[in-house]
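Trainee: The primary structure of each chain is shown beneath.
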Amino acid sequence: MVAFDEMHGAGEVRPAYAALQAWLERSPPALMETRRRQAELFFRRIGITFNVYGEADATERLIPFDIIPRILTRAEWTGLERGLAQRVSALNAFLADIYGPQECIRAGVIPDALVNAHPNYQLLMAGLKPPHGIHVHLAGIDLVRTGEDGFYVLEDNCRTPSGVSYMLEDREAMMRLFPELFVQHRVAPVETYADSLLATLRSVAPDTASRDPTIVLLTPGQFNSAYYEHSFLADKLGVELVEGSDLFVEDDIVFMRTTVGPQRVDVVYRRIDDDFLDPLAFRPDSVVGVPGIMGAYAAGNVTLVNAPGTGVADDKAVYTYMPEIIRFFTGDEPILKNVPTWRCREEDSLKYVLDNLADLVVKEVNGSGGYGMLVGPKASKAELDLFRAKLRAQPDNFIAQPTLALSTSPTFVGEGVAPRHIDLRPFVLCGADGIRITPGGLTRVAIKEGSLVVNSSQGGGTKDTWVLED
Amino acid sequence: MLARTADSLYWCARYIERADFLARIIDASLRMGSLPSSYGGDESEWESALASASARVAFYQTHDHADERTVCDFLVFGRNNPSSIWSCLNAARANARAVRTALTLEMWEAINEAWNELQRYDCDNMDRESMARFLEWVKRISLLFDGASYRTMLRNDSYWFLRLGMAIERADNTARILDVKYHLLLPEREPVGGTLDYFQWTTILRVVSALTAFHWVYRTSVKPWLVADLLILNRQMPRSLFSCHAEIMERLDQLADFYGRRGPSQRMASNTLSKLESSRIEDLFQNGMHEFITGFLRDNATLGSAIAEQYLV
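Chains U and A are the protein sequences, given in the same order. According to our numbering, the first sequence is numbered sequentially starting from 2. According to our numbering, the second sequence is numbered sequentially starting from -2.
Note that these hints are calculated values from the structure, not bench results. Think of the CB as a built atom: it goes at the ideal place given N, C-alpha and C, for glycine as much as any other residue. Do not rely on the hints blindly, as some may be mistaken.
[Stated by the list, open to error] If we take Cβ atoms under 10 Å as the criterion, some of the chain U residues that face chain A in the derived model are:
#1 Glu104
#2 Cys105
#3 Gly222
#4 Tyr229
#5 Ser232
#6 Gly239
#7 Leu242
#8 Met257
#9 Thr260
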């Protein structure tokens, strides 16, 4: 299977990459190695690390950063931008509907069981209209590419998508290390993201809030894998980074404990999963949550970003219905395509998947971070057998997709520059005053040769992503 | 500002200050230990190093004998000693990391780089020379961190809590070394004098990096009661109990003005400061130096608790 290469396309160097290609040829390998080391030092010094669960010796690890950027043309980006806005609008309409009148179920767009029996369907949210009617304020939509025009949505992350700090810091590192490249290329800036995020958060404050709402970022704490990102964002936003114990609820109002006593909080950008958000409403053993915050939310006194219960739309089984969902709620054809997907819950599909397992990628519908998936062509016989048994036992739990020839991008590896598979996660912000999308996003790269898994928990790295202005 | 943030800033500064103090104690003890015993160099020096670091009890739970190697190991790299340099730098960094957003990039880099560097030190194979270099390095961390905060931080409550932590810890440290060595500073010993005590006095001055300062302030040879005066009442000496408490008062006043509210910690600090202001060193000797220092350590700790109660929870 030959993958589409972002730089070389079908053979010729693609025009957007011409100057970069010339620069790569000019630059001696030793210089590149020096720059790569400087980049690593930069990341280590500012402390951009992430924690890997279950690895005692490596509690703070760097995500590998590749110094060769990934380039999108303005035309490509404009198309993606339209598709992303359409998709996130549809996701919000879908969530408002399933926690409201459930018309899409009655119209047969999606099976009842997939929604109402979904483990992430939050009964507490049923009939509850979030401030300004928005459920998903922040989404990270994972895209892959297979050809010149072949962009596909791989998954919709609309719980608490992460990675945006890497988008910003990768650019910072590139601008420091390769200022000359930014003279040669007209790269759309990404540093507006923090302002966009702040504007989005302010726009969704509840009506009870003053004109200058108090916004906080709620983190599970410094041992969370994304703690660096939490502190980074709080810093860029100029809002307090709070832990559950810093907040308390009284008379359905959320307060934070400050050096001058309690201060009312209006918007909580939470980076804590639904389950741990409120021990009174969800998991009673949660020690990182805020008891009573769901009561304050139901009373309309605080905005939670994102709303609880968005996990239904984050699900890989629901994903397969996204084309229908988009058509139903927007009345238009989806601009961004789904990857063709077999729903193992359907008998015919299951049979096909079992028969062709060695050619397919099988994913758990609720899995994330690349855990619990099978890449057929790379799997051993034992692994295939194990998955066959799993599929037979719980077909509802899985979907399958063809092994896509993910596009590759030249990447600086030990032996020099070589193609490696990449994906793209643009970040979509959805406020009461509209949708904002920062040009580009986070490009993740599978550093291991031939690997298709780009997740950082599985050894993936990142690249700076450039949208070139015309 | 979040109470937890204020707490972490306060403790971050305290731990950095404590690591610096420990480095100075060990440095001075190594120096004493390298003098011939007729000049006062013997192993009791390591006893008093432990006492100055208030680590005697913890030390003897796991050790039988205090000498250069055992005490250095315990006070420098002791993982099980919460007051070792190693533990202090770890705690400072953990506090800094918890309030990453309240620090400037320069401050974070100072403490984070120190922590990264610390992981690379081989604590088992340290000869005297590498130990001396290591202690120098530890002292530079506090210089870098203090300098970074002085040059880059906004002058608001974050800065004041940080300075408050540093001043409380510094007052505690200065008082502790006085507590251990006070008997050497009593004036009646003067006629005895002799070289043995001379090196003890200069060691005290070295621990608080005040040997040169002493000569500038008093323009005379080192006299024990003047050492006490320098460390307790002198207003020019940045580590004197007076200076520490003048800073504590200043920071607490700034907080009170900023928040528009005074509380128990302002009242307590004001009492302690006016006591120091009206004291003469002769009176302190008259009324019992040991009682004074013990009383001061108690007041300082009570003030720490009052600050915690008023702002940090």
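Trainee: Double-check Cys105 (chain U) for me: the hint is only fine if its C-beta lies closer than 10 Å to a C-beta in chain A.
Mentor: 41 Å, violated
Trainee: Holds or violated: Ser232 (chain U) as interface residue toward chain A, Cβ cutoff 10 Å?
Mentor: 4 Å, holds
Trainee: Hold the hint about Tyr229 (chain U) up to the distance rule: shortest CB distance to chain A must be less than 10 Å.
Mentor: 8 Å, holds
Trainee: Tell me if Leu242 (chain U) is really an interface residue toward chain A, meaning its C-beta lies closer than 10 Å to one of theirs.
Mentor: 5 Å, holds
Trainee: Please check whether Gly222 (chain U) passes as an interface residue: C-beta within 10 Å of a C-beta belonging to chain A.
Mentor: 8 Å, holds
Trainee: Report holds or violated for the interface hint on Gly239 (chain U), using the least CB-CB distance to chain A and a cut-off of 10 Å.
Mentor: 9 Å, holds
Trainee: Given Met257 (chain U) as an interface hint, is the shortest Cβ-Cβ distance to chain A below 10 Å?
Mentor: 6 Å, holds
Trainee: Going by Cβ atoms only, is Thr260 (chain U) closer than 10 Å to chain A?
Mentor: 5 Å, holds
Trainee: So, Glu104 (chain U) near chain A? Judge it on the closest CB pair being under 10 Å.
Mentor: 43 Å, violated
Hint compliance for this structure: hints 1 and 2 are not met, and every other hint is.
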